[in-house]
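The lines below spell out each chain.
Number of protein chains: 2
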Amino acid sequence: MTAPLFNRMALIGVGLIGSSIARAARAQGLVRSIVATARSVETRARVAELGIADRVVDSNLAAVEGADLVILCIPVGQCGAVAEEIAPRLAPGAILSDVGSVKAAIVRDVGPHVPAGVHFVPAHPVAGTENSGPDAGFAELFINRWCILTPPEGTDPGATDKLATFWSALGANVETMTPEHHDLVLAITSHLPHLIAYTIVGTADELEQVTRSEVLKFSAGGFRDFTRIAASDPTMWRDVFLANKDAVLEMLGTFSEDLATLTRAIRRGDGDTLFELFTRTRAIRRGIVSIGQDSDTPDFGRPHE
Amino acid sequence: MTAPLFNRMALIGVGLIGSSIARAARAQGLVRSIVATARSVETRARVAELGIADRVVDSNLAAVEGADLVILCIPVGQCGAVAEEIAPRLAPGAILSDVGSVKAAIVRDVGPHVPAGVHFVPAHPVAGTENSGPDAGFAELFINRWCILTPPEGTDPGATDKLATFWSALGANVETMTPEHHDLVLAITSHLPHLIAYTIVGTADELEQVTRSEVLKFSAGGFRDFTRIAASDPTMWRDVFLANKDAVLEMLGTFSEDLATLTRAIRRGDGDTLFELFTRTRAIRRGIVSIGQDSDTPDFGRPHE
Ligand SMILES: NC(=O)c1ccc[n+]([C@@H]2O[C@H](COP(=O)([O-])OP(=O)(O)OC[C@H]3O[C@@H](n4cnc5c(N)ncnc54)[C@H](OP(=O)(O)O)[C@@H]3O)[C@@H](O)[C@H]2O)c1
Ligand SMILES: NC(=O)c1ccc[n+]([C@@H]2O[C@H](COP(=O)([O-])OP(=O)(O)OC[C@H]3O[C@@H](n4cnc5c(N)ncnc54)[C@H](OP(=O)(O)O)[C@@H]3O)[C@@H](O)[C@H]2O)c1
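Note that the protein sequences, when read in sequence, are chains W and F.
If you're matching positions, the first sequence starts at 1 in our numbering and goes up one per residue.
If you're matching positions, the second sequence starts at 1 in our numbering and goes up one per residue.
Here chain W stands alone, though its shape is the one from the complex:
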């Protein structure tokens, strides 16, 4: 238990990320009280039932009242409008943050609405699963994952430090970078992989020569892992691609060139080029396992042994 860093934390949106923050912040004693809200009556009722917030309120405005930490845990495309809505009630000295998977668009859309005296520190915890909603969250989600802060120029360093301390206490490693660099990094480590997974699952579903039943039955050969990623929330991901268009298009360009090179190698029967690449990519896997960002237990679709 750490001493509480904040008096009242307001969570706007209580899905996978918001509910994980609530659970972890309470488990660590980081905030004296948690006020939460979500768009629908159903989600608010479920959050109340789960008991992960001290108070569940009906409106975004009511939620932020008196909060010294406000975190937007909603799809990227909603952040601008919600910031505009809550701005009049944000307490002076409060920290306003978010968890959006894109950062330049958040700075562009939210920044202009932030009242003087409120500290705007955008954040992105790079952690998640393919599930959504308040039941999907768990307190351990952020442990040994990275949380990236992208404070706009001129942000009070004290506010940034305080939010960094908060995320560290949730178990995350914290790094600070510009919103633009964040968007490039995530375009390759997250956005492009999702786009590719969505595409190939769609391709498989529309083939004339291979039935959907065959695709499902024989999915254990690799396809299965793509469907997991392609099961992620459609609203969240639509917003990500619309908000990070330039970086995603840039990475897509490079990927397409590389795919063309490999296609040519296959067409020509050039085994050496294939072998060389397939050997190089193994080293990257080893790197990810060695820094603890994935387990080296083979995943074959169910527990074994």
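It is possible that part of the hints are untrue.
[As the list claims (entries may be wrong)] One-sided and incomplete, this derived list gives chain F residues near chain W with beta-carbon spacing under 8 Å:
| # | residue |
| --- | --- |
| 1 | N131 |
| 2 | G133 |
| 3 | L249 |
| 4 | L252 |
| 5 | L262 |
| 6 | T279 |
| 7 | R280 |
| 8 | R285 |
| 9 | I291 |
Think of the hints as simulated: they come from the structure by calculation, not from any bench.
We put the beta carbon where it would ideally sit given N, CA and C, even for glycine.
Mind docking chain F with the ligands on chain W? Use the hints.
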């Protein structure tokens, strides 16, 4: 325990697949004895140490002597030469099979060497992990996975049935199809996913704007899952792409068109097209989970709760 189906099973190659067959066949009492061999002294020594075969011999020729079931568990590109090598010692009435991930090329390369009186029944268990070698195998690998048999025209139905019974006893569901159809189905459910994963991991590794260290640290956003696939054995996969060139190129063509459509939607800010696809792909995931080809436990890189 079933009554033994075969008297002596010879395994040529004892990696992930061969060693899993050995373990499972013994656990189920399907064969009276297992003779195994592998190319290198090291692997043979390790197999002897593991004790998963009754006898480990030094040569492919010695292995098949007196066996009524011979299974080639080696990379696809090796099968033709090994079939030619062992042909003179194959016992009349024996079943010769394999586990190669491509089937038309196997029929083309192995078929001509099969002596009269020997039954050639190619097979492909659609099950695996990203690991290789004799230590990677386990007896449960094939349970509730599919094994595809692709007997060439004119194959003795009794031999096909007997091999089907063997694979069922290992826990697999068995399906029979032509080698050509197998290669199309696997091109989309396995080969293209691997090619895409190898490509994107390679792309990430060569970017100028994003360092390798950043790629590793922030891989939890989706990239991580691709690196698992892209850590698969380079020799095996080089052989797969060389041997299933036409079907892979065909699927690549369709995939590239679909990717171009999605790229255009992003460029134009057409959120509806993205949302529609992202919603459709979720249904496929549900199908895979509902038929038991993957678990619905979220994978976030380590066990939790
Ligand atoms: N999922 C991941 O892996 C992941 C990882 C890192 C960051 N993120 C980011 O985290 C954010 C939330 O993602 P999530 O996975 O937690 O989503 P989620 O599980 O779908 O939850 C979204 C929550 O936001 C609420 N909401 C939406 N619009 C709202 C509005 N205008 N006012 C108030 N509440 C609103 C929803 O309420 P209702 O249920 O009532 O609609 C729901 O409670 C996104 O920006 C995403 O980019 C996600
Ligand atoms: N991995 C999968 O997920 C998977 C799934 C289904 C089917 N398959 C197919 O199964 C086959 C084997 O794959 P695997 O993953 O088991 O490979 P692996 O773990 O790399 O094992 C390959 C084995 O073949 C031996 N070998 C190679 N060339 C040989 C030769 N000329 N003579 C005798 N032994 C030789 C190797 O011996 P050394 O160790 O001495 O080199 C090793 O024991 C491949 O055709 C693959 O397409 C693989």
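Check: Of the numbered hints stated previously, which ones are contradicted by the structure, given in increasing order?
Finding: 2
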